[in-house]
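In case you want the letters, here they are:
Protein chains: 4
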Amino acid sequence: MLSIVALLHGPDRPGLVATVAGWIFKRGGNILHADQHRDSEEQIFFQRIEWLHPVDDSEIPAVAEAFSKMATHELGMHCHVSVSSELGRVGVLVSKMPHCLRDLAFRFQQDELRGEIGCVISNHRDVEPFCRSLHLPFYYIPIDASLKADAENAQLKILKGHGVNLVVLARYMQVLSGEFIDSIEVPIINIHHSFLPAFAGGRPYHQAYARGVKIIGATAHYVTAELDQGPIIAQDVARVSHRHSVEDLIRKGRDLEELVLAQAVRWHLEHRVLVYGNKTVVFD
Amino acid sequence: MLSIVALLHGPDRPGLVATVAGWIFKRGGNILHADQHRDSEEQIFFQRIEWLHPVDDSEIPAVAEAFSKMATHELGMHCHVSVSSELGRVGVLVSKMPHCLRDLAFRFQQDELRGEIGCVISNHRDVEPFCRSLHLPFYYIPIDASLKADAENAQLKILKGHGVNLVVLARYMQVLSGEFIDSIEVPIINIHHSFLPAFAGGRPYHQAYARGVKIIGATAHYVTAELDQGPIIAQDVARVSHRHSVEDLIRKGRDLEELVLAQAVRWHLEHRVLVYGNKTVVFD
Amino acid sequence: MLSIVALLHGPDRPGLVATVAGWIFKRGGNILHADQHRDSEEQIFFQRIEWLHPVDDSEIPAVAEAFSKMATHELGMHCHVSVSSELGRVGVLVSKMPHCLRDLAFRFQQDELRGEIGCVISNHRDVEPFCRSLHLPFYYIPIDASLKADAENAQLKILKGHGVNLVVLARYMQVLSGEFIDSIEVPIINIHHSFLPAFAGGRPYHQAYARGVKIIGATAHYVTAELDQGPIIAQDVARVSHRHSVEDLIRKGRDLEELVLAQAVRWHLEHRVLVYGNKTVVFD
Amino acid sequence: MLSIVALLHGPDRPGLVATVAGWIFKRGGNILHADQHRDSEEQIFFQRIEWLHPVDDSEIPAVAEAFSKMATHELGMHCHVSVSSELGRVGVLVSKMPHCLRDLAFRFQQDELRGEIGCVISNHRDVEPFCRSLHLPFYYIPIDASLKADAENAQLKILKGHGVNLVVLARYMQVLSGEFIDSIEVPIINIHHSFLPAFAGGRPYHQAYARGVKIIGATAHYVTAELDQGPIIAQDVARVSHRHSVEDLIRKGRDLEELVLAQAVRWHLEHRVLVYGNKTVVFD
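Residue numbers (this note's numbering), protein chains in the order written: chain A, 1 to 284; chain L, 1 to 284; chain W, 1 to 284; chain H, 1 to 284.
Excised from the complex, chain A in its bound form (with noise of 0.2 Å):
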């Protein structure tokens, strides 16, 4: 039986959660989940809530669109709802290193996320066997400084051609373009090698290792137009000593990086991410 999903927010009033709630009770739906939080500092409501509805799966469109609806024009919030059935469909962007898209694809594999990877594209082809051994269709686009645009546009084309809803940077270690982030128009996750806002930019664990932290980081945000400034959606962390040199702090790394990469995709693709400003709301 195919669930509904939708997340709400914006200006916060009485009556919301039972507005939402009973809505769904008189159709006869069913509330799986429904998790709440209220900003008191900027009076914000956010809200999501799941749940089965007693019609014919080929119905419950129209459902979540009037739900949708209802929750925009009555209640003023932003709205998105979607379905159990629309499962995820990620582009990988990769460069070298294959252990966050390998780790990505055992996930989908072993369904822990849920949906699959549409393609992968890299400006290497280091990645490129082990997409081939698993079937993934792989594109190979370098990049030229010169022609950075046209590489973009390649990307482009093919990531809507293949129907992504979601781009993931996987260890991409190119810079995108501002014009990218406004065309692609699906959300771009990425995955910064630190524990941000330490460290932006390049480089970041031999910044770690010469600044000498006993700790590293992973982060993984919403991509931006702002390098590494956009919103975060899951970050992690591990001990270091002075005896590990930068070649130990890029391998604890990976790790870190595969775990906090998959947590935020999943997050995402589960709908429990919530975007407002430059933060992000999520519904564990």
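Everything labelled a hint here was simulated from the structure, so no lab data went into it.
Just so you know, same-sequence chains aren't split out, so a pair can sit in one copy or run between any two.
Lysine-lysine pairs mimicking DSS-like chemistry, simulated, CA-CA at most 30 Å apart:
1. K26 - K69
2. K157 - K96
3. K252 - K96
4. K252 - K279
5. K148 - K160
6. K96 - K160
With chain A held as given, fit chains L, W and H onto it using these hints.
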């Protein structure tokens, strides 16, 4: 303005969220927080809901009472309702080690914990000067194996005389009898100095050292008649290595014990903990 | 250039560090790492020392042998010496779940682990395609309760035939007999999917769920005749809450199991683990 | 019996371990702990070595002195030698928030920290009653921007008058001038309430809240002329979510600050911290 907090649980069925939220909304209440959980295996519904009600403070208890009736009779829920004016009044039982008592006392002082310590009872005199310095009523009740029942009766009388609504065992090294637990009529929270269920019983740090574990822990749980088997509220852990002696484990453990006990007491006093079966739902 | 690693332990006495370091220095060796530990309760001295020796690679084994004799006869130490050219050759036993095997395989591929997987034996055919794709020798040995001894003999023959110097149980769901453990003559590392000693035995995630713990764990340990009682090498934990089903615990546990097992295998292969009594000293 | 602790560092070369251990052994000393580290990038050798020497307590300082000469002149090492009879004597600077001071005071009381608090100086009167209750010398030195130099001179005089060998900034909200740092002649440890280098400068919890991070931290570091840029000694972190207000971050941060500062002070007082460049080696 007073807020009301209700903790509900009972058999799941459609319309629970709508009915509860609708009841509040119709009476002009404004929901501050609402958090639900469904145990999909056992089909049990859990909810913590906190709201403001537009009536005089003097009328709030009647509103709480009316809500409780509705939830119990109409919805078939177990219901615990409390009003934000009701503060914690904690009776602390402690033996020789002062750290948990001291930590709790300071957290009450700086309003991290809502309420106050009503009295302290110990089978030793070690913490008496500390209690005196903070003007906490202190009672010395030695425990003699042959007269344990008498001692427990004295403890019960003191705790009830001070009107405590929670008993905290802050490293109290005596086992409470089933009679005491039955008679006290308020919840009892204990801090056990291990990661339960590992190392239940006595001298857990020595047990952990002998077993050569690489991580130690602390567990706060409600006390039931079965030693160290009650519902777990909070746990935390710390890494140890072969370099750490039993004394190091004890030292590191003290920090864990304070943090875990304080967290459990805070959650309890904020009405965030629901017990069912031998488990807890914590609406953090 | 080859390095030599010695692991020593025995009764403590003055001059051990000086004698060991002096022996190496007099012969022109250059110590890369030296790490000592004294168990002050039991008066045992532990040391891991790694050094470069200015002789031809072909003469290194003789140097290692000479050191071992000195440590054993002059210092009365247990001594295990290895040369950096000796690589791990791991026999993996696995049942249906592939994640730990897959994780180990990739870590060997990217040289995080020194050596290689010599062979994989399973009582199911699930991981066979994966092994074939990586050209890992795969053996299917079904386990029939009445013929377990025969199956174990077949396993022993294969493992010895491949010259493995370590056996890893990568989620192998059969209990090894005492005879197997005695006969294999190389260490065996198991990953247990709980925070030992909590939840030893079968279905630990179900046990953890039933007990309502707030933290789950995984434990890598050397296998001894007593089930789940061998010396612990590595442990790690993850937080869970009432929101997590048994399936969530299993999913979160997979990540823990991979990380903890990989760490234990890495430490073992880098000769960082000393066993004494039922405990380990890990020179990280 | 007194023990001697030496902290050495300098250019690596063969024979350092053998020479140091040999020197001690020839004089009848018994090494309790020896820990080495080689920075293989910069070819620097680091060692912490602690030993018992079979002479009268009165002769121990001469032994320490002789060792120091050997290490400096024969081995070309920087050498800091101390005797276990020398205890920490800490001058604490604090502003309004008492928690770190209180925590340090109790850790000294229960001998977790070796030594004592020599005096407390504050630019506010908030912690005065607490200091009086523990008989800690308290000095109120208000800071007026235009007379900051005078205030710092008064502070210096008090700290030197009490013979402190360590200054701890226990949530001291004033920036120390370069002149103060140059003149004090003992190390200064600060607790910064963020995970440096993220959120250096003022109001880090507000910065963290605004950035929407999912983990907050605390950092203990030695103070240098550059604000929040000194060598990091210890760091720790805690998870936060969208549910946590700035006030929650501050509350959770207090626990982190206490633990991290206490750990850094303990390591420093046990002579476990070596500074080189802008980093630390911590022999834990």
